[in-house]
Amino acid sequence: MKSAVIVFPGSNCDRDMAVALEQVTGGAPDMVWHRETELPEGVDLIAIPGGFSYGDYLRSGAMAARSPIMRAVTEAAERGVPVLGVCNGFQILTEAGLLPGALMRNAGLHFVCRDVALKVENDRSAFTSSYRAGEEIVIPVAHHDGNYQADGETLDRLEGEGRVAFRYAGECNGSARDIAGILNERGNVLGMMPHPERAVEEAHGRSDGRRLFEGLLETVA
Amino acid sequence: MKTRVYVTLKNGVLDPQGKAIHHALEGLGFSGINDVRAGKLIELDLEENIGDEQVEAMCRKLLANTVIENFRIEREAAA
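These protein sequence lines map, in sequence, to chains P and S. Going by this note's numbering, the letters in the first sequence line up with residues 1 to 221, in that order. Going by this note's numbering, the letters in the second sequence line up with residues 1001 to 1079, in that order.
Any given hint could be a false lead.
[Said to hold, decoys possible] To spell it out: a stretch of chain S is covered by chain P in this simulated footprint if at least three of its residues, at any positions, have a beta carbon under 8 angstroms from a beta carbon of chain P; those stretches are:
id, region
1, 1004-1017
2, 1059-1066
[Said to hold, decoys possible] Cβ-Cβ distance ranges computed for the label pairs, FRET-style:
id, chain 1, residue 1, chain 2, residue 2, range
3, S, 1034, P, 9, 19 to 29 angstroms
4, S, 1045, P, 153, 50 to 60 angstroms
5, P, 57, S, 1014, 36 to 46 angstroms
6, P, 206, S, 1052, 48 to 58 angstroms
7, P, 203, S, 1014, 20 to 30 angstroms
8, P, 159, S, 1035, 27 to 37 angstroms
9, P, 97, S, 1034, 31 to 41 angstroms
10, S, 1061, P, 115, 51 to 61 angstroms
11, S, 1014, P, 159, 16 to 26 angstroms
[As the list claims (entries may be wrong)] Some chain S residues well away from chain P (every beta-carbon gap over 12 angstroms; in silico):
id, residue
12, 1030
13, 1031
14, 1034
15, 1042
Hint data in this document are derived by calculation from the structure and do not stem from the laboratory. For every residue, glycine included, the Cβ atom is placed at its ideal position computed from N, Cα and C.
Bound conformation, chain P alone (with noise of 0.2 angstroms):
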């Protein structure tokens, strides 16, 4: 599986999704730059990395979901390439309009990092395959601007369609109906705000993320 790692100016969990990736599919991701048009020919995924692109400025993820490497990585998930966004990925993804709502500031005003118990929702994306739906996993979170926000209509939506990849299992940050991850309409886009790549190793403490790849391995390659 040939993948790619978005860096923008502020990404700080690059290199901890390029590991992750690189463990589990054997091969090493190429890192791609935001000023850049183009991503590598025949890319099977795209991750979209954690981090403070920008420094925020504007809104978390407003800047990086209009540097020049969007263009290329919309018209990939046009395409059906699966693209995965993580914290600071799933702001830049909402932001670039590939999923809708918005992440605002945390309710309780805290930036929250920690463990998070999450609930499975959706077990038939690319990248849930591997769990069961209803299943409970552990990941963390870090997060400051992690208040999934959208109108009623978009969350029945979301819920309706079987667009709620996970759930928080309890309270997290004030997110419209517990909702941390969600799919785009055609499930080739994943943007959640807990660290799958923080947690595929035993030396992480647990390892309930690494089947998020082992499952995209599955399905893509």
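The hints should help you fit chain S onto chain P, whose structure is shown.
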């Protein structure tokens, strides 16, 4: 030409920052505050030939996230 863009959260969108400011004001002993909403002011210095529709396009494409925010444009009359 000086142009001001005011970006505010839409009605009904929870504003945790506004809430925190509200609590802090009350903590300082100020009373009679019904609600506080925090927003942004963006000042642009534009060439004379930049029309209103272009400023509006800037707001829609970048300055405001219209999923959660409203914007209001205020243009200074030419001197």
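Here's how the hints hold up against the structure:
{"no.": "1", "hint": "1004-1017", "verdict": "holds (count 4)"}
{"no.": "2", "hint": "1059-1066", "verdict": "holds (count 4)"}
{"no.": "3", "hint": "S/1034 <-> P/9: 19 to 29 angstroms", "verdict": "violated (41 angstroms)"}
{"no.": "4", "hint": "S/1045 <-> P/153: 50 to 60 angstroms", "verdict": "violated (39 angstroms)"}
{"no.": "5", "hint": "P/57 <-> S/1014: 36 to 46 angstroms", "verdict": "violated (22 angstroms)"}
{"no.": "6", "hint": "P/206 <-> S/1052: 48 to 58 angstroms", "verdict": "holds (54 angstroms)"}
{"no.": "7", "hint": "P/203 <-> S/1014: 20 to 30 angstroms", "verdict": "violated (38 angstroms)"}
{"no.": "8", "hint": "P/159 <-> S/1035: 27 to 37 angstroms", "verdict": "holds (30 angstroms)"}
{"no.": "9", "hint": "P/97 <-> S/1034: 31 to 41 angstroms", "verdict": "holds (35 angstroms)"}
{"no.": "10", "hint": "S/1061 <-> P/115: 51 to 61 angstroms", "verdict": "violated (38 angstroms)"}
{"no.": "11", "hint": "S/1014 <-> P/159: 16 to 26 angstroms", "verdict": "holds (20 angstroms)"}
{"no.": "12", "hint": "1030", "verdict": "holds (20 angstroms)"}
{"no.": "13", "hint": "1031", "verdict": "holds (22 angstroms)"}
{"no.": "14", "hint": "1034", "verdict": "holds (20 angstroms)"}
{"no.": "15", "hint": "1042", "verdict": "violated (9 angstroms)"}
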